[in-house]
Amino acid sequence: MELFFQQILNGLTLGGIYSLVALGLTLVYGILHVPNFAHGAFYMAGAYAGFYLMSAQGFNYWAAMAGAAVVVALIGVLAERLVFHPLRNSPGLHHMIAAIGLMLFLEAGAQAIWGADFHRMETPYSAVVNVAGLTAPLQRLLIIAAAFGLMVCLHLFLKKTTTGATIIAMAQNREGAALVGIDANKVAMMTFAISGALAAVAAALYAPINLVYPSMGHLVITKAFVIIILGGMGSVPGAIVGGLIIGFAESFGAFYISPDYKDIIAFALLVVILSLRPQGLFTKGVR
Amino acid sequence: MAYLEGKVGWSVLLALGLVFPFLAGNDYHLTVMSNAYIFALATVGLNLITGYTGQFNLAHAGFMAVGAYTVGILTVDHQVPFWVAFALSGLFAAVLGFFIGIVSLRLKGHYFSIFTLCVGYIMFLVIEKWESLTHGTVGIIGIPSPEAIGPIGFESPRELYYLVLFFLAVGMWVMHRIVRSLLGATFIAIRNSEELAESLGINLMRNKVLAFMLSVFYAGMAGGLYAGYVRFLGPGMAAVEHTFDMTMFMLIGGIGTLLGPLLGALIMPWVTQYLQFLQEYRFLVFGPILVLLVIFVPNGIVGTYVQWRMRRDARRAPAAAPRPASANPTAQPLQEARGGSHA
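Line by line, the protein sequences give chains U and L.
Read in my numbering, the first sequence has 22 at position 22, and its numbers run on one by one without any break.
Numbers given in my numbering equal positions in the second sequence, counted from 1, plus 1000.
Calculated directly from the structure, the hints in this document are not laboratory data.
Each residue gets a CB set at the ideal place from its N, CA and C atoms; glycine is no exception.
If a hint is listed, it holds; no wrong ones were tucked in.
Distance condition first, Cα-Cα at most 20 Å in a straight line; then the derived EDC-like pairs of lysine to aspartate or glutamate:
hint	chain 1	residue 1	chain 2	residue 2
1	U	Lys159	U	Asp183
2	L	Lys1129	U	Asp260
3	L	Lys1129	L	Asp1077
4	L	Lys1108	L	Glu1194
5	L	Lys1108	L	Glu1195
6	U	Lys262	L	Glu1131
7	L	Lys1108	L	Glu1198
8	U	Lys262	L	Glu1128
FRET-style restraints, in silico, Cβ to Cβ:
hint	chain 1	residue 1	chain 2	residue 2	range
9	U	Pro86	L	Asp1077	47 to 55 Å
10	L	Leu1196	U	Asn60	53 to 61 Å
11	L	Arg1315	U	Val180	39 to 47 Å
12	L	Arg1309	U	Leu276	45 to 53 Å
13	L	Trp1083	U	Glu122	52 to 60 Å
14	U	Lys186	L	Asp1027	55 to 63 Å
15	L	Gly1136	U	Leu276	27 to 35 Å
16	L	Gln1079	U	Leu78	54 to 62 Å
17	U	Phe157	L	Trp1130	41 to 49 Å
18	U	Ala116	L	Trp1308	37 to 45 Å
19	U	Phe157	L	Trp1308	44 to 52 Å
20	U	Trp114	L	Arg1311	41 to 49 Å
21	L	Trp1308	U	Asn210	46 to 54 Å
22	U	Ile113	L	Asp1027	34 to 42 Å
Please work from the sequences and hints to get the whole structure.
Now the structure itself:
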């Protein structure tokens, strides 16, 4: 029972982090049709920004997380302006190559500043709590609460505010949105900013139970792509459900099959699902 | 196109390749060039599926590793002669490509790329974790050099250089035959518009899978050569970064041209060489270069040259009939339209 509960907890932690990363990726894809391969590098940049603000500048954990979100949101806006905006009429292949160039640049940048070593981000929440006879590390509970809290906030933002409505409108119909006077450039920048901030928060939440290093985004971004294919490219609820599916598959797979192969599980799952359903699990008519 | 890719151009390139060992200052230059040839062979293969058929494969380095490990495992663990293992390396990659192709090529555009990205990771992780077969992170050491054929041995850097050059030349010649044939025209038709190609009666799946198999066959052969040349293998060679490298080679030379990927793959190792003082920070320079190229020179060296020539010809002979599109497989539909308005 205890062990089973641990796996549920792990699944929710991983799922929460993956969902946050996948949400940013799916927003950018749904609205701008850019498969942003550099999103994993945004995640990595968020972890380093948080780590730097905490360790070198003495910020507390939450302030460092907010700072990281701002920094990566700015990186996202710059990426949109300098890289993806000039390419908006190019074939899809060019978006991917440009995103790869951006990714290589950000990774090399992190390595140039902080070196190739692994870093550990401290957390003030290293305690282990005991609830009804079951123990759980506080940081994991925090990740779950923060990740799902943030998802609720994002949902409310998209559904309840005018700004959110313009973003949704552009995702649904670009020409129509332009006709009613929505500034496509503003929405594109905002989407990249939100996407970057989500990745940074996910990284700052997860970094204390993982490590910070230049290539830390690789596996995460690949899994995020798996998730948004599972959930339907561009679908917000799809990204959350997909994130949980992969999180649980990994956590239970590592426990019941083999921890060595836990990273393969997500990819194998995708290969199987796409073989049976090429359009993804929950896609309905979304390109 | 005629100047660059005609008989004269290819003969000059081949002659340069043949005399290079006499011009090279030392064995180190030979090693750099041989390595470039091996990656050129894989890049030329990648260009068939990405440049000519329009499906961006991100698992190419994985297929190269499959070919290399085929040679490594067979020669070291099973004492199979190098040449037998080498013949199997391309074949095995192509068979694997068949199965991955029939699943993944039903997916369109970005979906295919992401699927192959996952396949690339699976290949890397399997090579790293399946220790009983691949020796895991330790890698495979002590791969024998290719056995002598008659009086020709393959021990010295110069002999190995000519061996690699030979396979690159054969690979280029075969690729030339493929893209200039009806099959090549079919691939280009699929790239330009899958719907249109299908309406012309082209069997999409069959041709896409065929292009994919041919493409990864090149990767497998290149991997086999790599195993025989470097004689040491580690799981790192399956890393997706190597596919990114090859993509960069293609882009710099010109995606969807025969000569471009070859030129890109031959030039870049020397650029890297002269930027060696940057060490691991080379991507600080390469990353922005890649972005700038995609934005400002998306057709690469060869593609840009071809466009320039077309415009010049159009200016000189405005009355002449426009060239048929098939004579210029470089230009994307978008650029063709743009070029037309200039003419």
